[in-house]
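**Student:** Sequence:
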Amino acid sequence: MKIPQGHQTVMPYLMLNNAEGFSEFATKVFKANVNMVKLREDEKTIMHSELMIGASTIMFCSATEQFPPQTANLFVYVPNADEAYLKALKNGATSVMDLSDQDYGRTCGVLDPYGNTWWITSVNA
28 MKIPQGHQTV MPYLMLNNAE GFSEFATKVF KANVNMVKLR EDEKTIMHSE LMIGASTIMF
88 CSATEQFPPQ TANLFVYVPN ADEAYLKALK NGATSVMDLS DQDYGRTCGV LDPYGNTWWI
148 TSVNA
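According to this note's numbering, the residues represented by the sequence shown are 28 to 152, in order.
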């Protein structure tokens, strides 16, 4: 099986109200790199976009009447869960799980302003 570079076997595809805002949030909080943006004919809404967080790709677009909003729960490893949690809150997210130490690492959960829940975790070496 051949998979395009920068893609994985399974990738989330989100349909979002304010896809542009989601892209900005992921860039600020998780240091995402936007690899592709294709606009619709109106040149205002995103027909297809891809960003990478680490080695993982998230595909997304602006929701439409034909493709209504479909958000996700996303688990993400970060170097420092405390920093990512505070950045997320500073950029409009709300806490769904306070920071805590678990057997799998330092973890928390936030709901971003676009309807996605991020489960943020860092692992101590």
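The reader is advised that the hints may include incorrect statements.
[Stated by the list, open to error] Calculated pairs, DSBU-like style, for lysine-lysine (alpha carbon to alpha carbon, straight line, at most 35 Å):
{"no.": "1", "residue 1": "K71", "residue 2": "K29"}
{"no.": "2", "residue 1": "K117", "residue 2": "K29"}
{"no.": "3", "residue 1": "K58", "residue 2": "K29"}
{"no.": "4", "residue 1": "K55", "residue 2": "K71"}
{"no.": "5", "residue 1": "K65", "residue 2": "K29"}
{"no.": "6", "residue 1": "K58", "residue 2": "K117"}
{"no.": "7", "residue 1": "K65", "residue 2": "K114"}
{"no.": "8", "residue 1": "K117", "residue 2": "K65"}
{"no.": "9", "residue 1": "K114", "residue 2": "K71"}
{"no.": "10", "residue 1": "K58", "residue 2": "K71"}
{"no.": "11", "residue 1": "K58", "residue 2": "K114"}
{"no.": "12", "residue 1": "K55", "residue 2": "K29"}
{"no.": "13", "residue 1": "K117", "residue 2": "K55"}
{"no.": "14", "residue 1": "K65", "residue 2": "K55"}
{"no.": "15", "residue 1": "K71", "residue 2": "K117"}
[Said to hold, decoys possible] Pairwise CB distance ranges, derived in the manner of DEER restraints:
{"no.": "16", "residue 1": "D130", "residue 2": "R67", "range": "38 to 48 Å"}
{"no.": "17", "residue 1": "M28", "residue 2": "E70", "range": "13 to 23 Å"}
{"no.": "18", "residue 1": "P95", "residue 2": "T54", "range": "36 to 46 Å"}
{"no.": "19", "residue 1": "T121", "residue 2": "V64", "range": "42 to 52 Å"}
{"no.": "20", "residue 1": "V64", "residue 2": "P96", "range": "14 to 24 Å"}
{"no.": "21", "residue 1": "P106", "residue 2": "V61", "range": "18 to 28 Å"}
{"no.": "22", "residue 1": "R67", "residue 2": "N151", "range": "20 to 30 Å"}
{"no.": "23", "residue 1": "T121", "residue 2": "L66", "range": "41 to 51 Å"}
{"no.": "24", "residue 1": "Q97", "residue 2": "K71", "range": "12 to 22 Å"}
{"no.": "25", "residue 1": "N151", "residue 2": "D69", "range": "22 to 32 Å"}
{"no.": "26", "residue 1": "E110", "residue 2": "G48", "range": "39 to 49 Å"}
{"no.": "27", "residue 1": "V64", "residue 2": "Q129", "range": "17 to 27 Å"}
{"no.": "28", "residue 1": "M86", "residue 2": "K58", "range": "15 to 25 Å"}
Treat the hints as calculated values from the structure; they're not laboratory data. Computed from a predicted structure; not experimentally measured. Ideal Cβ placement from N, Cα and C applies to all residues, glycine included.
**Student:** Run every hint past the structure and note whether it holds.
**Tutor:** A quick look at each hint next to the structure:
Note on K71 and K29: the hinted pairing holds, with a Cα-Cα distance of about 33 Å set against a maximum of 35 Å. Of the pairs offered as hints, the one joining K117 and K29 is violated, with about 40 Å between alpha carbons and a cut-off of 35 Å exceeded. For the hint pairing K58 with K29, the CA-to-CA distance comes to about 28 Å; that is within 35 Å, so the pair holds. With a CA separation close to 21 Å, the supplied pair K55 and K71 stays within the 35 Å bound.
Taking the CA atoms of K65 and K29, the gap is about 23 Å. The hint holds against a cut of 35 Å. For the hint linking K58 to K117, the alpha-carbon distance of about 15 Å falls within 35 Å, and the restraint holds. As the CA atoms of K65 and K114 are separated by approximately 27 Å, the hinted pair is consistent with the 35 Å bound. Among the hinted pairs, K117 with K65 is consistent with the structure: their alpha-carbon atoms are about 28 Å apart, no more than 35 Å.
Between K114 and K71 the CA atoms are separated by roughly 27 Å; this keeps the pair inside 35 Å, and the hint holds. A C-alpha spacing of about 24 Å is found between K58 and K71, which places the hinted pair at or below 35 Å, so the restraint holds. About 11 Å separates the Cα atoms of K58 and K114, which keeps this hinted pair within 35 Å; it holds. With a C-alpha separation of about 32 Å, the suggested pair K55 and K29 falls inside the 35 Å cut-off, and the hint holds.
Distance restraint check for K117 and K55: the Cα-Cα separation of roughly 10 Å lies within the 35 Å cut-off, and the hinted pair is therefore satisfied. Proximity of K65 to K55 is assessed by CA-CA distance (about 21 Å); at most 35 Å being required, the pair is judged to hold. Restraint check for K71 and K117: the C-alpha separation of about 26 Å stays at or below 35 Å, so the hint holds. Between D130 and R67, the C-beta spacing of about 46 Å keeps the proposed range 38 to 48 Å intact.
Look at M28 against E70: about 35 Å separates their beta carbons, and that is not inside 13 to 23 Å. Checked against the hint of 36 to 46 Å, the C-beta distance between P95 and T54 comes to roughly 25 Å, which is inconsistent with it. Roughly 27 Å separates the CB atoms of T121 and V64, a value that falls outside the hinted 42 to 52 Å. Distance hint check: the CB atoms of V64 and P96 are about 19 Å apart, consistent with the given range 14 to 24 Å.
Between P106 and V61 the beta carbon distance is about 20 Å. The supplied range of 18 to 28 Å therefore holds. For R67 paired with N151, a C-beta distance near 44 Å fails the hint of 20 to 30 Å. For T121 and L66, the hinted distance range of 41 to 51 Å is not satisfied, since their beta carbons lie about 29 Å from each other. Taken as a hint, the range 12 to 22 Å holds for the pair Q97 and K71, whose Cβ atoms sit roughly 20 Å apart.
A C-beta distance of roughly 47 Å is found between N151 and D69, which places it outside the suggested range of 22 to 32 Å. Between E110 and G48 the beta carbons are some 21 Å apart, a value that contradicts the proposed interval 39 to 49 Å. In this structure the hint that V64 and Q129 lie 17 to 27 Å apart at CB is violated, the actual value being about 36 Å. At about 18 Å, the beta-carbon gap between M86 and K58 stays in the expected band of 15 to 25 Å.
Checked against the numbered hints given earlier, the structure breaks hints 2, 17, 18, 19, 22, 23, 25, 26 and 27 and satisfies all the rest.
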